[in-house]
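Construct the entire structure; sequences and hints are all you get.
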Amino acid sequence: MPPRKVVTGFLLAAGSLAGSVLVRRRAARKRERVDLYADDGSMHSFAEGTPEADRLLPIAHDLLRA
Amino acid sequence: MDAAQAIDDLKEISPQVRDVVVIGADGAPAGSSLTQESAVGRLADGAKRLVEAAEAMRPGVAQLEAATLGGSVFVVRDGDRVIAATTSPEPTVGLVFYDLKTCLRSIDESQPPANQPAAKEPAAKEAAAKPARRRPPAQKKADDAAS
Chain A
514 MPPRKVVTGF LLAAGSLAGS VLVRRRAARK RERVDLYADD GSMHSFAEGT
564 PEADRLLPIA HDLLRA
Chain B
2 MDAAQAIDDL KEISPQVRDV VVIGADGAPA GSSLTQESAV GRLADGAKRL
52 VEAAEAMRPG VAQLEAATLG GSVFVVRDGD RVIAATTSPE PTVGLVFYDL
102 KTCLRSIDES QPPANQPAAK EPAAKEAAAK PARRRPPAQK KADDAAS
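Protein sequences appear in the order of chains A and B. Residue numbering for the first sequence follows my numbering, beginning at 514 and increasing consecutively. Residue numbering for the second sequence follows my numbering, beginning at 2 and increasing consecutively.
One or more hints might be untrue.
To be verified - Cβ-Cβ distance ranges computed for the label pairs, FRET-style:
1. A/D553 / B/A26: 19 to 25 Å
2. A/R568 / B/L70: 15 to 21 Å
3. B/Q37 / A/A551: 43 to 49 Å
4. B/V94 / A/P571: 17 to 23 Å
What the hints assert, rightly or not - Derived list of chain B stretches under chain A, where covered just means 3 residues or more per stretch with a C-beta under 8 Å from a C-beta of chain A:
5. 35-46
6. 54-66
Derived by calculation from the structure, the hints in this document are not laboratory data. Please read these numbers as outputs of a predicted model, since none were measured by experiment. Idealized CB from N, CA, C, for every residue including glycine.
Written out as C-alpha cells, the structure is:
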C-alpha cells in the first residue's frame, strides 16, 4: 500500500477517534451529577439515577429554583 | 476582611457565581450576596441539608458540586464554616472551588456573624478599602525599566 494512503487512513482514524471522544465528553457533561470531594483528596461522582444523586439533586434543584 | 467585602470580591472575579451565602461556625448566615433575608435563609438551609446528606453518604466531605442542567450548587467547608454558591450551567469547576475557598478564608474569623445580608458599601469607601490588584501602567513601566 502506498505510504500516502497509509498516512491518510491513519489521520482519518485519529480524527474519528478524537471526534467521538469529544462528543462523548460533551454528552456526559449534559447529565446531572453530584461530585463529593473528601478531606483525603478522594472524589466520588454520582450520576443521575444513582441513589446518592437522587437524594442530593432535588435539594440542588430547590436551591437553583429559588 | 468582612464577609460583605469578601463576597463582593468573589462576585467581581467570578462571573459564573450567581448567589452566595457564608455560614458561620454557629450555623447562622454570616453574609450573602442576596438581599432578602428569606432567600438567604433558604440558600443557607439548603446548603446545610446538602452537606448533611453528603456526610451521611460519604463521611469527611470537604466540598461538593451538584451539577444540574439549570446550573450548579457548590458547597465548601473550612473548619466549622461553610460557603455555598449557585452558578450558571457548566461552570469552570476548579476555578469556582478555588474562588469559594479564597473567599471563605479571607473572611476574618473573629467577625461576629450577622444575620443580615451583606450590605453594599458606598463606592468610594469600597474603592478605598479594596487593595490594588494590579499596578498602574505608569508604575508598572517604571518597575519594568528598573528591573
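Hints, one by one, checked against the model:
1. A/D553 / B/A26: 19 to 25 Å: holds (23 Å)
2. A/R568 / B/L70: 15 to 21 Å: For B/L70 against A/R568, whose Cβ atoms are near 18 Å apart, the range 15 to 21 Å holds.
3. B/Q37 / A/A551: 43 to 49 Å: Distance hint for B/Q37, A/A551 is violated at roughly 34 Å.
4. B/V94 / A/P571: 17 to 23 Å: Taking Cβ atoms as reference, B/V94 and A/P571 lie about 21 Å apart, which means the hint holds.
5. 35-46: With 3 residues close enough to chain A, the hint holds.
6. 54-66: holds (count 10)
The structure fails to meet hint 3 from the earlier list, while all remaining hints are met.
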